[in-house]
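Colleague: For the protein sequence lines, the chains are A and B, in the order given.
Counted from 1, the first sequence has number 202 at position 202 by the working numbering; the numbering is strictly sequential.
Counted from 1, the second sequence has number 96 at position 96 by the working numbering; the numbering is strictly sequential.
I should point out that these hints are in silico values taken from the structure, not numbers from a laboratory.
Among the hints, erroneous ones may be present.
Below 30 Å or equal to it, Euclidean Cα-Cα: the simulated DSS-like pairs (lysine-lysine) are [as the list claims (entries may be wrong)]:
#, chain 1, residue 1, chain 2, residue 2
1, A, LYS38, B, LYS191
2, B, LYS300, A, LYS189
3, A, LYS69, B, LYS126
4, A, LYS69, B, LYS191
Listed next, the stretches of chain A that the computed footprint assigns to chain B, with coverage defined by at least 3 CB atoms under 8 Å from CB atoms of chain B [claimed, not checked]:
#, stretch
5, 61–68
6, 93–102
7, 146–158
So the derived list for chain B, only partly shown, Cβ under 7 Å to chain A, looks like this [unchecked claim]:
#, residue
8, GLN235
9, ASP241
10, GLU244
C-beta atoms are modelled at their ideal positions from N, C-alpha and C, and glycine is treated no differently.
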Amino acid sequence: MSLERIYDAVLDFEEDDVAELVTAEIEAGIDPQEILQKGLVAALDTVGERFSEGTLFVPEMLMAADAMKAGLDLLRPILAETGAKPVGTVVIGTVKGDLHDIGKNLVCMVLEGAGFLVVDLGTDVHPEVFIDAARENEADIVALSALLTTSMSEMERAVGAICKAKENSNFDVKIMIGGPPITSEFAAKIGADAYGVDAPTAVKHARDFVRA
Amino acid sequence: MSWSHRDRLLAALAHEEADRVPMDLGGAEFTTVTIPAYEQLKEHLGMTHETKVFSKMHSVVHPDEAVLRRFDIDTRNVLPGPYQGGHGRVIDDNAYVDNFGVTWRRTVGTDDCHFLHVDGPFYEGKLTIDAIEAFAWPDPDNPGLVEGVAERVAQIKRDGDHAVCLYLPGGVIHRGYAMRGFEAYLMDIYKDREALCRLMDKLADYWVGVAENVIAAAGPENIDVIYFGEDLGTQAGPMFDPDEFYAPYIKPQHRRMVETAKAETHAKICFHCCGSAYRFIDHLIEIGVDALNPVQVTAKNMEPERLKAEFGERISFWGGINTQRILPFGTPREVAAETRRIIDILGKGGGYVLNSVHNIQPEVPPQNIVAMFDAGRAHRYETAA
């Protein structure tokens, strides 16, 4: 069946084929949610699994995300028309004082690939900016990244500020953090809800949060 | 017997135990101290000398001779002089362009003062061989590169019996990321592999040209260690496929670099690779690398016990003192205990040079730096006790 061909085309990094196959499915009247879930999302999940087990690496993750995006760009307007909501909304950024964004960008890609609406605030993001963006976009999740041990204190400050903002009514988000020096102990210590060791794990946590 | 600094280092790299493990600080751009941590260290040690910057990009220092002697450091660095002319220029306090036409920028208002590349000559569009060939590449014969090299070597020889470590910056991956952009470079592995290989050829040509000139200027017989490298790993695993991409495309470039470094010298090669280097170590051994730095013990598969057991007889380890957790957040007592633990594991039978995992970061308390080196200096090999 052609949804399998979409899945295969993503795994083969063939963005033109993905676009062509998705267009054909849309024209054939297949449910866009089904194309998304069984074709694109399933493929990126497989890439994520292989990444976590160490058989695929960063270039393959980037290529698969790129191929998937070719299909996602076609489906998004149709999904919006049908009033379909994203799986969830994630506000994400690298904390204040840190310009590193390689890992953060990978997380953005796989979250989008999993059907989340991702609001990427970039790097060097101040705590208030995370909070304002989360309110404005009615985010389910705020995700913070840091590469340096130096930035961990900024991360702690930002998570603290978000937790404080949550004490007010009408603001409820889950907080997840990641980056090379981060551990789950650190996440627990500073009040974050989860730590993602890699991009696919971040998606797992995000899914659990919106399911809960 | 009493060991000279140089003999102590060379013994370790020959997998023999001397009186204690050799220690490095400031031998290379990745084995030194960030400016904020160094300022605190100076104050702690009651020293007031002027701070000399080693690398603007990393915001790290040349540790002063007084600091190196306080810790009894066995290495002394030599590096190429500054490139004259070319693309390089300062934009403002927080941005500059390097001699590869790459723009670097840093944030302001925090302790993290190192620079990241934000634009480069091949950032836009498709990478093409025409664009690579048309670029005004820096010249490895630029006179600035050898300036001061012979004098520095003479000074090291005159002042003591330390090991001479020649640091040669650059390579084919990181400079490639800087010129092309990180994600674009990694996707070129699939999209424009031929052009990517040409880019790597150009970068390796430059590195080899500079290496030959600087080695000649230093006097090949004077050089004990040649230090270079680039990251192949991330915290969670290899950056790219060790066997399907590294081995056929990058490894030949690294082999050429190692061969250049060894051609006229007796130098041992210390290769720097952050993150999980585990799946690349056999490749590095095969091309003639003698020591691996920085031994990022908190990355995947990088436990010191595992590394020593699997590779300890064939490669030495240079680094290994935990920068992600213990040095910044531990107590001096914990730092000393961790230092002794790492020496007992990695130093057994030689094959270990003590240093932090990468540069000592801004938030590392000076007491912890002192604790690390004092413990390293005092601790004896278990077998010698």
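Colleague: Is LYS38 of chain A within 30 Å of LYS191 of chain B, Cα to Cα?
Modeller: Roughly 26 Å separates the two Cα atoms, so the pair holds.
Colleague: Would you check whether ASP241 of chain B satisfies its interface hint, that is, whether its CB is within less than 7 Å of any CB in chain A?
Modeller: holds, 5 Å
Colleague: Is the hinted pair LYS69 of chain A and LYS126 of chain B satisfied, with a Cα-Cα distance of at most 30 Å?
Modeller: Given pair LYS69 of chain A, LYS126 of chain B holds - Cα atoms ~18 Å apart, limit 30 Å.
Colleague: Checking one constraint from the list: CA of LYS69 of chain A to CA of LYS191 of chain B, max 30 Å. Satisfied?
Modeller: holds, 16 Å
Colleague: Please check whether GLU244 of chain B passes as an interface residue: C-beta within 7 Å of a C-beta belonging to chain A.
Modeller: violated, 9 Å
Colleague: Would the hint on GLN235 of chain B stand, with a C-beta cut-off of 7 Å toward chain A?
Modeller: holds, 4 Å
Colleague: Using C-beta distances, would you say chain B covers the stretch 146–158 of chain A, given that this needs three or more residues below 8 Å?
Modeller: holds (count 6)
Colleague: Report holds or violated for chain B covering the stretch 93–102 of chain A, Cβ cut-off 8 Å, minimum 3 residues.
Modeller: holds (count 6)
Colleague: Given the proposed pairing of LYS300 of chain B with LYS189 of chain A, does the C-alpha separation stay at or below 30 Å?
Modeller: holds, 23 Å
Colleague: If you look at each residue in the stretch 61–68 of chain A, do at least three have a Cβ nearer than 8 Å to any Cβ of chain B?
Modeller: holds (count 3)
Hint violations for this structure: number 10 only, all remaining hints satisfied.
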